[in-house]
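Asks: Chains A and H, in that order, are what the protein sequence lines are.
Numbering (my numbering) for the first sequence: 1112 to 1385.
Numbering (my numbering) for the second sequence: 1112 to 1385.
Misleading hints may appear alongside valid ones.
Each pair may be met inside one copy or between any two copies, as identical chains are not told apart.
[As the list claims (entries may be wrong)] Straight-line Cα separation of at most 35 angstroms, DSBU-like style, residue types lysine-lysine; simulated pairs:
#1 K1315 <-> K1129
#2 K1346 <-> K1288
#3 K1378 <-> K1241
#4 K1129 <-> K1385
#5 K1378 <-> K1206
#6 K1315 <-> K1288
#7 K1119 <-> K1129
#8 K1288 <-> K1206
#9 K1241 <-> K1138
#10 K1347 <-> K1378
#11 K1119 <-> K1251
#12 K1385 <-> K1315
It should be emphasised that the hints constitute simulated quantities derived from the structure, not laboratory data.
2 protein chains.
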Amino acid sequence: MELWYTEKQTENVGITCKVLNTLHVEKTEFQGLAVIETLQFGRMLVLDGMVQTTIKDEFVYHEMITHVPLNSHPNPRNVLVIGGGDGGAIREIVKHPLVERATLVEIDRRVVEVSREYLPEISCGLDNPKVTVIYDDGIKHVKDNPDTYDVIMVDSTEPVGPAVELFSGSFYSSIFKALKEDGLFVAQTESPFFNADLITNCHKEISRAFPITKLYLASVPTYPSGLWSFTMGSKKYDPESPASAAPGYPTRYYTPGVHKGAFMLPKFVEELVK
Amino acid sequence: MELWYTEKQTENVGITCKVLNTLHVEKTEFQGLAVIETLQFGRMLVLDGMVQTTIKDEFVYHEMITHVPLNSHPNPRNVLVIGGGDGGAIREIVKHPLVERATLVEIDRRVVEVSREYLPEISCGLDNPKVTVIYDDGIKHVKDNPDTYDVIMVDSTEPVGPAVELFSGSFYSSIFKALKEDGLFVAQTESPFFNADLITNCHKEISRAFPITKLYLASVPTYPSGLWSFTMGSKKYDPESPASAAPGYPTRYYTPGVHKGAFMLPKFVEELVK
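Can you build the whole structure from these sequences, using the hints too?
Replies: Right, here's the structure in full:
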């Protein structure tokens, strides 16, 4: 018997992957959670039927949501990740020599627990002594911690279910307050090919809160359309002029050249945010 | 009834698209040829079961296979496209103000005829007075035309069936001879995620013939993994220092910034070609 997992990425297009094994399926308090083993991408974390991360291509997303903001800030000592319960962003953050403390605030404890069990290559950074894991609502956490963080990453799911509020103007205002006076943040903001309106709206809302707002891109094969966007809001530093010339730690996607190139937007993407 | 077209892009992963209509299906002298109407990407040209181009995302591939080499050459007057029977590359080439003559050499006359009928938005450039269409073997054509072209684009199908020889060292030597003394060429060289060996081999073979060999990337949602590579061989001009600062004609993906950014390779891609 051949088993294939198909995610309908929109109403009209999907990705389909040959599956070796279903390793875990549950309904948590917040969402459907599954880990399947695919032949093309290895083990795959699926939330509410949407691919979140896979062993083979997770490095792109996790390096690009972390090393671009970290290297845009001259002194990223205290860092917050909202969401990101798989631990991939944390694993990258603790590579940075200036980071002293990394806090993960994940609403769904089961994402962390299941990732620790089935995705150790991704979750391994969670055991680093610099890391604190808090199971709480990220919106509440940023409201309760003003003037605290140098860099914040919003590593959320798609804007359905528990993540809807993470794409709102009031959340971006709270993020602004939770950052120190020279802080910056990044949010994953979906595909320019399939989610043009979302990108335009996020950019507009973030621009209302932050003096510097910039979009950048990376190629993630298992995400809809394969092209993914991230939007940064910054109080002081321009992410297109990175603070550090070379990361000085191992990466598989990120380089100083990729950092610069990621902001060189295709014409149709430029037009979404102008 | 819901009709879905699924292309297995590798043995273990596929793209699946909801289909409104099958517009055309035939077996030509060279390959299977179909045009289907999908909801996500509009009309789609399929050769031997592989998506070649779609109305919605064709602009990326066609702009990037043409404007990067054209703007890397200070005087691209005489241009050759091998393959590319849909006409998309030609439509872009004739936008360039310095191009005086564009020749398309397509082995399969039916690709041109069917594209003219079902994909007029893509094939429209074929009627431009600068354009000559020749139905012949591209390998023979370059052998028969030494010291002729400023720029050559190899707009081939995947390296199966009629296109296998278009990925060989002897073909790259023939291309070198068909170019003028300051000529350059580009070939589509598949996905860095799924075709790493092919990229490494093409780069090695092209380096044997050309003093300057450079890889660049673009995001095409309907191509395997969504990330596509192009390899340039150049006798004189470095494509990373484009000859023209701004294209001066309308594009939807290409910009001078995209031109530079496309050569800023992710670490794992850099390693494929070093």
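Asks: Look at each hint and say if it fits the structure.
Replies: Results for each hint:
1. K1315 <-> K1129: Result: close only across copies, 33 angstroms inter versus 40 angstroms intra.
2. K1346 <-> K1288: Answer is within: at 11 angstroms inside a copy they meet the 35 angstroms cutoff, but 55 angstroms across does not.
3. K1378 <-> K1241: between (41 angstroms within a copy, 27 angstroms between copies)
4. K1129 <-> K1385: For K1129 and K1385, only the inter-copy Cα distance (32 angstroms) is at most 35 angstroms; the intra-copy one is 40 angstroms.
5. K1378 <-> K1206: both (34 angstroms within a copy, 16 angstroms between copies)
6. K1315 <-> K1288: Intra 18 angstroms, inter 53 angstroms, cutoff 35 angstroms: intra-copy only.
7. K1119 <-> K1129: both (15 angstroms within a copy, 10 angstroms between copies)
8. K1288 <-> K1206: within (26 angstroms within a copy, 49 angstroms between copies)
9. K1241 <-> K1138: within (31 angstroms within a copy, 62 angstroms between copies)
10. K1347 <-> K1378: Intra 26 angstroms, inter 29 angstroms, cutoff 35 angstroms: intra and inter.
11. K1119 <-> K1251: within (32 angstroms within a copy, 44 angstroms between copies)
12. K1385 <-> K1315: Within one copy only: 9 angstroms inside, 41 angstroms across.
Checked against the numbered hints above, the structure breaks none of them.
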